[in-house]
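S.K.: Next come the chains, spelled out residue by residue.
There are 4 protein chains.
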Amino acid sequence: MKVISNSPGKYAYVIGPYAEPTETVEPGETFIVETLDAFENRITSPDDDITQIVTLPFVNPLTGPVYVNGAEQGDTLTVTIHSIEVTRDYGVSALIPEFGGLCSTVFTRTLQPPLPARVMLHPIADGRVTFSKDLPIAPIPYEPFYGTIGTAPELEAVSSLSPGFHGGNMDAADVCPGNVVHLPVNVPGALLHIGDGHAAQGDGEVSGVATEIPTRGVLTVDLIKGQAIGTPRVISDDHLMAVGSARPMEDAARIAFYELIMWLESSYSLDRLDAYQLCSQVAKVRLANMVDILYSVVAKFPKAYLPVR
Amino acid sequence: MKVISNSPGKYAYVIGPYAEPTETVEPGETFIVETLDAFENRITSPDDDITQIVTLPFVNPLTGPVYVNGAEQGDTLTVTIHSIEVTRDYGVSALIPEFGGLCSTVFTRTLQPPLPARVMLHPIADGRVTFSKDLPIAPIPYEPFYGTIGTAPELEAVSSLSPGFHGGNMDAADVCPGNVVHLPVNVPGALLHIGDGHAAQGDGEVSGVATEIPTRGVLTVDLIKGQAIGTPRVISDDHLMAVGSARPMEDAARIAFYELIMWLESSYSLDRLDAYQLCSQVAKVRLANMVDILYSVVAKFPKAYLPVR
Amino acid sequence: MKVISNSPGKYAYVIGPYAEPTETVEPGETFIVETLDAFENRITSPDDDITQIVTLPFVNPLTGPVYVNGAEQGDTLTVTIHSIEVTRDYGVSALIPEFGGLCSTVFTRTLQPPLPARVMLHPIADGRVTFSKDLPIAPIPYEPFYGTIGTAPELEAVSSLSPGFHGGNMDAADVCPGNVVHLPVNVPGALLHIGDGHAAQGDGEVSGVATEIPTRGVLTVDLIKGQAIGTPRVISDDHLMAVGSARPMEDAARIAFYELIMWLESSYSLDRLDAYQLCSQVAKVRLANMVDILYSVVAKFPKAYLPVR
Amino acid sequence: MKVISNSPGKYAYVIGPYAEPTETVEPGETFIVETLDAFENRITSPDDDITQIVTLPFVNPLTGPVYVNGAEQGDTLTVTIHSIEVTRDYGVSALIPEFGGLCSTVFTRTLQPPLPARVMLHPIADGRVTFSKDLPIAPIPYEPFYGTIGTAPELEAVSSLSPGFHGGNMDAADVCPGNVVHLPVNVPGALLHIGDGHAAQGDGEVSGVATEIPTRGVLTVDLIKGQAIGTPRVISDDHLMAVGSARPMEDAARIAFYELIMWLESSYSLDRLDAYQLCSQVAKVRLANMVDILYSVVAKFPKAYLPVR
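Chains as they are written, first to last, in the numbering used here: chain A, 349 to 657; chain B, 349 to 657; chain C, 349 to 657; chain D, 349 to 657.
None of these hints come from the bench; they were simulated from the model.
Some hints could be false.
Note: identical chains are not told apart, hence a pair may lie in one copy or across any two.
[Claimed, not checked] Restricting the straight-line Cα-Cα distance to at most 25 Å, the calculated cross-link-like pairs of lysine-lysine (BS3-like) are: (1) 573 / 350; (2) 481 / 632; (3) 573 / 651.
Please work from the sequences and hints to get the whole structure.
M.R.: Rendered as structure tokens:
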């Protein structure tokens with residue numbers, strides 16, 4: 349299997365059409381992707397000063413762009429995630445001043461002094477994440493996913509910290525092994541970017557940082573020719589999901605539910621108003637992130653309620 | 349056991365300190381509460397015209413106020429929900445013009461024509477809700493909860509359609525049998541109001557209406573004297589929860605997480621920044637509603653990660 | 349002329365239908381209203397501790413309710429403001445912790461420590477407000493208005509700190525001498541409440557407090573029978589205005605423009621899409637407040653562009 | 349004087365660091381810039397179908413990038429606007445489905461059918477804009493400005509439809525002849541982009557489109573070396589202004605006021621809390637746009653209240 353990994357110093361900090369592809373794959377191909385953690389693997393001690401290490405815009409390095417042969421504007425790229433392994437024995441989380449869900453930020457400005465910076469290292473072993481050696485907190489299951497996965501917009505180059513219609517930094521825990529992610533193809537080759545591995549994350553990623561890890565994952569890409577989507581979708585064994593990313597957060601939820609309902613109409617013969625009313629009885633929602641440049645909300649339709657044909 | 353049920357025509361459409369209590373209970377007392385559905389049990393056919401039946405502000409009738417002896421400002425009222433039975437063989441859902449998550453409303457105004465009104469009746473039997481006799485959708489489990497539960501603010505009388513710091517129309521499916529709801533006491537007697545039974549509801553209640561039912565429930569109220577809370581809390585076997593209600597939706601999430609973190613600090617000896625960073629790894633979030641006068645978000649801390657003492 | 353002034357200790361802190369009217373007036377009647385400042389005239393020194401004086405919900409005392417004979421649900425109450433005199437030789441402004449546009453609040457929660465409290469007294473004389481004796485800032489013109497003016501909702505009692513469809517704490521500088529305010533009538537007598545005099549205020553009232561003054565004003569009320577409005581309107585010599593109050597702020601702007609456009613259609617024979625497109629060329633907007641329980645935005649149509657008949 | 353005008357087919361639809369500069373200028377140089385209208389000058393009749401002409405992302409063509417010799421990251425670029433002439437005898441406005449302030453959009457999704465598309469041509473002559481030949485509306489003064497002006501971000505390429513910290517599509521009428529715009533320099537040469545001339549625009553640009561014109565303007569650029577700004581600033585004879593662009597709209601207002609207050613502190617020796625409290629008495633606000641990818645708000649400090657030294 350091909351192993352895709354950017355050269356040192358060549359990671360992508362934007363998702364766009366301007367960088368040279370680092371690798372080319374075929375539709376249907378299964379390959380390995382290696383990613384750095386969101387801090388470029390540069391945090392090795394709780395004494396590290398994150399404000400020195402995190403220097404915008406060089407945060408959240410992505411592997412790619414990966415060129416998918418035959419992908420054309422108007423197609424949908426599917427990414428099946430088979431596995432995500434952590435390639436280090438610890439994850440990192442942090443408090444970053446002016447970043448997070450319960451502090452002022454460059455968007456939600458206040459005159460108050462910022463919260464302090466700090467770093468925690470979380471040992472990972474045997475499928476468990478240890479939050480802290482000092483606090484008597486039970487181990488957290490290792491449930492890895494990619495915080496960031498996206499395809500290039502046609503003209504824009506979007507910060508790797510931002511989610512959007514192209515995917516990106518959604519921080520949706522549903523982008524995990526076993527699931528299939530659907531992304532829009534806006535440019536030839538789709539230009540897939542992946543990174544931001546998380547060993548564990550709470551809904552909303554409230555402090556702004558999950559248990560950040562470098563990863564080695566196995567993926568298969570494929571194409572749905574001539575079928576466009578409005579925003580990223582995810583399919584699991586149990587759910588159809590659509591991801592909305594916007595501010596304010598209600599707009600993210602609206603985008604997600606709109607896409608989900610259009611999907612139920614176009615692919616499952618449910619009238620859109622029936623689907624709307626049914627979602628109001630059975631849908632699930634994950635708040636993926638409340639901290640990034642746009643907020644992300646995942647609307648989920650349980651397959652158990654799909655119309656029986 | 350006492351049975352609490354408002355007289356016909358005497359339901360509460362606001363939660364406030366101005367109405368006479370309909371009943372008085374003692375701390376520790378277990379009693380029965382009967383509630384009408386959100387449309388006052390007036391919808392009996394899918395041909396009913398909801399725009400004639402739903403005439404603001406007389407929507408979402410509540411049972412109460414219930415006066416809890418000994419409750420004083422600064423206390424917390426606890427409500428343990430033992431059971432919620434549906435007292436009719438069907439639930440009602442609807443599309444209401446200018447109300448819902450995917451349409452313009454009196455708050456999010458547009459110049460577009462509104463969506464049509466419509467009503468669906470959902471048969472309920474044997475613990476199952478049938479979405480539609482005409483559509484081949486699998487039955488939905490009967491998982492009842494109170495959409496609306498709250499205590500009177502000190503001076504304000506708040507629409508029964510609005511959630512807030514006083515509880516109210518949170519539409520949080522966690523207000524269900526087996527769980528304990530904590531509400532602030534702002535006035536003597538607390539003045540508990542309950543209603544808006546739901547047999548089933550999707551996260552976000554996206555079309556604006558769940559499977560609305562009249563109910564008969566068994567509750568126990570009690571007081572935590574001299575301990576105030578900032579926003580409603582819910583305790584289940586597995587989770588500590590706090591409910592934030594606000595617009596935009598990110599403010600609801602902020603309120604919920606803030607209360608949860610303050611709770612972890614004050615009751616579980618977790619430093620607030622530790623709690624913040626831990627929530628970012630393990631918290632769960634329920635989007636309760638994206639349709640009401642304020643949006644409601646439930647932040648949940650799994651008890652499994654409470655510090656072991 | 350009648351002088352309307354609440355008795356000490358009898359001020360209104362909510363706008364609702366539950367308090368007894370303090371006075372009755374006739375349609376067409378001109379009368380005097382006396383109001384306290386938002387802090388109940390209790391701040392007399394820059395050394396006063398505002399956190400002791402401002403004890404929610406007893407902030408922003410209003411004069412009223414004033415019962416207008418003949419006012420019935422579905423009418424519009426018009427209030428012509430002839431003059432607003434300050435009845436003290438200084439105004440007060442302040443920084444109030446957890447209140448304001450550039451700090452965290454009970455709605456926009458953060459974990460950061462709050463900004464400090466502080467009080468400033470602003471001498472007023474000869475039509476000029478002195479910002480500070482210590483800072484070399486030019487005098488500010490005395491341009492008084494009522495921050496709060498509203499009529500009772502049908503069932504709700506709304507904090508005097510909140511604006512809404514009923515008017516209330518809009519903090520719109522257009523509620524000033526020379527202008528006519530239109531308010532909805534939801535209950536018999538309309539129940540007018542007035543207060544929160546400002547000697548000067550910046551757009552948005554960014555720190556949360558204007559130059560707060562007690563006032564003596566001359567008003568005329570009248571009724572437009574059988575004509576309802578959707579949200580408060582203001583008419584000046586030059587502009588038709590509609591006030592939207594909501595969160596997020598874009599919803600306030602949407603409400604204001606929607607009402608303005610409906611008004612242009614119903615009263616000035618402009619097709620609503622023509623009016624929409626015309627507003628996009630000529631409308632003015634005032635950000636009234638970015639700090640209250642809801643934000644208020646005033647959409648203004650210059651009368652110069654009304655269709656010539 | 350140099351005349352800067354992109355070749356046909358070579359207009360910029362993103363503001364970023366990836367396109368080759370079309371021209372180079374020196375600090376202090378005065379030159380002419382020619383711009384197309386937002387629809388690429390392709391609308392010539394009210395019968396044109398805007399949905400065929402406006403094909404995203406190829407909307408709002410910009411002239412540039414213009415390379416300013418000597419500009420380095422951390423500098424501020426100043427652009428003095430001397431004049432903006434319209435180079436056609438009419439402007440264009442339109443209703444674009446799923447775009448505007450009072451309709452659902454790709455961000456604020458609803459299930460309602462969209463508003464119709466339509467186009468209006470507005471004759472311009474003798475300093476006056478005629479809204480419509482069919483409606484008896486008084487002529488609108490020709491008050492031109494650039495809707496879009498910005499410098500390249502370091503890594504991102506941002507749609508020409510979006511405003512942001514880099515400037516961009518702010519639709520702020522203060523970017524007009526007589527005023528000086530300050531923009532951040534993030535890359536060598538700054539890479540200035542200009543376009544989207546407006547002959548007239550209402551605050552908020554509520555329908556999404558102003559009176560769009562092609563222009564010929566005279567500008568002078570210069571550099572403030574080694575002084576960075578947080579968001580665009582504008583200086584007029586009377587006001588210091590800062591532009592915030594964000595969603596929700598309150599965040600745009602927060603950014604604008606934060607920058608204004610920091611400016612008053614750093615350049616005018618006003619303590620930031622004094623400036624905050626003073627702005628609450630005297631600031632003005634322009635709602636620049638309520639329709640673009642981010643909303644833009646201009647916070648204005650009247651120079652009359654600057655401390656007298």
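S.K.: None of the hints should be skipped; say for each whether it holds.
M.R.: Here is how each hint holds up against the structure:
no.: 1; hint: 573 / 350; in the structure: within (24 Å within a copy, 48 Å between copies)
no.: 2; hint: 481 / 632; in the structure: between (35 Å within a copy, 23 Å between copies)
no.: 3; hint: 573 / 651; in the structure: within (24 Å within a copy, 47 Å between copies)
In this structure, none of the earlier numbered hints is contradicted; all agree with it.
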